[in-house]
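S.K.: Here is what each chain is made of, one letter per residue.
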Amino acid sequence: MNELRELARKLLGDGAVKVVIGYEEGPRGVRPVMITDPAQAERLVFDARCVHNLAAYLNPRRPHLTRLGKPAVVVKGCDARAIAGLIRESQLEREDVVVIAMRCGGVVREPTMKPELGPETVSPRCGRCASREPKLFDHLLGVLPPAPPMPAGDDPVARLEQMSVAERWAFWREELSRCVRCHACRAVCPMCFCSTCVADKSRPQWVETSPTPRANLSWQMTRVMHMAGRCVGCGECTRACPSDIPLGLVLAHVARHVERRFGYQVGDDPSVPAPIGAFKTDDSQEFIL
Amino acid sequence: MASEAASEATPHPQFEPKIVAFVCNWCTYTGADLAGTSRLQMAPNVRVVRLPCTGRIDPLFITKAFEGGADGVIVSGCHPADCHYTAGNYHARRRFAIFRDLLDFMGVDVRRTTFSWVSASEGGKWRDVVNDTTERVRKLGPFAEYQGLSDPLPGVRRRAASGDQVGTPPARGTP
Amino acid sequence: MTTRAPCTTKCITRAELAALVADLAAAGTEVIAPVKSRDGRALDYQRIGRLEEAALGECALPRRSLKEFFLPASEVLLRYRLAKNEVLIEEVPTSFPPRVILGAKPCDAAGVEVLDEVMGWDYRDELWFGHRDATTIVSIACPGADGVCFCTAVGLSPDATKGADVLLTPAEGGFVAEAVTPKGEALLAGRRFAEGQGPAGAEAFREAAREKVARNLPAQPAAFHAWLGKSFEHPAWKAIAHRCHGCGACASVCPTCHCFDIVDEPEGPDRGARRRNWDSCATCKFTLHASGHNPRAGQNERFRQRVMHKFATYPQRFGEVLCSGCGRCVRACPAGMDLPELLGQLFLDAGADPSARARSKRDDGCPEGAL
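Residue numbers (the numbering used here), protein chains in the order written: chain Y, 1 to 289; chain C, 1001 to 1175; chain A, 2001 to 2371.
The reader is advised that the hints may include incorrect statements.
[Claimed, not checked] Cβ pair distances, simulated, as ranges: (1) A/Asp2039 to C/Gly1148: 21 to 29 Å; (2) A/Asp2261 to C/Arg1039: 38 to 46 Å; (3) Y/Glu25 to A/Ala2290: 42 to 50 Å; (4) C/His1084 to Y/Lys280: 36 to 44 Å.
These aren't lab readings, by the way, just hints derived from the structure by calculation. Beta carbons are placed, not taken as given, at the ideal position from N, Cα and C, and that holds for glycine.
Produce the complete structure using the sequences and hints provided.
M.R.: Right, dumping it as structure tokens:
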């Protein structure tokens, strides 16, 4: 942590960046903080409670942040994948952000929990992480901890995949009945950066805005399709949902499918193109008559 | 392209499914036209929507078709390497591989969907796609699940956040 | 802190309450109560058929407040249909079958009564009051949820009767039931409940809960709404919400947030419905004009407005704080925005010299240590 604070102090003091976006201790647990004064760098922390994906704050649609000036951002591997995605999709120039990457051993489910990683407390998002030592960085800090202690044999995505179609329909009908279309899932996602979301368009309207079962299903499917091959698996949408809808299950399922079919995993190298938008002439087409 | 065995019972023999077909202008639409001018016998259930290219087809079109009451959907375009715009169908292929699998994961029976490559000269193939899809969807019956999204949640006591979706009260003794 | 003196006090055993619920259900009266979610991790206000299905008197709050029973997340205002050469309008009912909410948190019941002010202000909202008239609210005194809630700081308490028709307090063998309104009296009437104030334990329960919650936030925001109304340019607002995503989760779980959007959306090729849907002032497009101008273009401006509305504007207009201190906004926020923390800090500022704060060492203009 001292390494991190020292670096932040230096970056701000030298004027290399105007703001460091990191984590601090809040009254209930860890939370994001935007530090503009080098003397405040001592507030920065990093531990297993640092759940938030701070890459979301690099979205160019946040004028109150872009106006602060060039940022440095503290990232874990999943967050670094998001920065790579933003660069890949021309939302960010590599030289316009200083990436402070932290070696990571996993995070707990909520930033208000104790920083004690165990099968009961670890966040499901850490299960298949391949970026514990991020490769996208200007500074790489910390010591690589052991792999996150995932609960054995627990795979809710696989359980859903093994259900019948009718069972899955009933499952999602029930889960999505709690959706109130607050769009928190979209707001916290670093990859949802469209200045006008397709769900906000009204002429013509593609996705109804009312929280009805029909429109909720349309919204969720649309968002997931738009995330295919782009979702970094940070789990923030699931955490942000005030109705505890297990959105991560759909995104994880699609990510696994993309990996099986196209051999692609979202990574932290911006030069590797995403699967949607690219193609191979011999892509599989067993489902096409 | 063999049709389903005729001996299979059809649960809804009187039911006429509504099928919406999103087809590309250059290949499948022309192939469908050929099927018509060749007087091939085809089920009349398909409503054709013509687009320049399968690459233009957004998965939302399929969603909207189901919302609008379609019981089945066809998406059809040029064979790989034959796209009038060079690569539209390659993009569509990837997109629909993912969307079809997503529909299945969300609990939609993908037997209600057909994806095909039908060229401008394949009038016969288009006839087969139309007839096979119609019969397949007829056997599945009306897409009650999707149409029922506008109805109250049946048999579950939960009340959705939108006030007009009220579940029926549980029978005594049910959890 | 009660706003009305209770009228009648009864002692009810759990079995008697179960019988009351069963009789209501048999008569077709909907009974709503906190229910554990399928995974057991959360509570939701849901319809029940038997008392056993309810989780009464838990510390934790249900995920959402009672708001959705009076202002649904999506509510049809009218339906329209095209017929030949005309458009037919179908009115929606504004009176509803009777129902009882059992085991409401006092903060949630209070929130409903606070909203009566705006709903009956310049236009009497028929749908809101239709739902209100049909509903009897039975609150249950809260043991104090956790370290976040702060009802005592906004003029309420874990045993408040504001908004309740009956207040239950857990006691040995059952509950002490106090009828607060004529509706509450009517609910308890005709049942053979024992009279009386109930065991002394009930009062001790309530006292302990009040003390527990009061420790969370000693400030009294109602006391400084005048200062707040004059502090539009206070430096605290400059950076207070940098971390806020504008996601609107807070508004959806809040008992008193009530902004809504109105849309006309299709229900078929020739028909549709005009609906009102929950909205949130935290979202970036909330005040976006058709011209493209947005008077609240930054997240800090939007958050300032949220706090001002709740603690200055609404109290100035209606004499009520637009907050019940339930703390859901804190628990739901994915980014660690913390209203009671802010209120505690602003309360100190309200007493302090505002210009001294502006000279603080913190260059981002925030009060020391808070934001």
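S.K.: Report the numbers of all earlier hints that the structure fails to satisfy, in ascending order.
M.R.: 2 and 4
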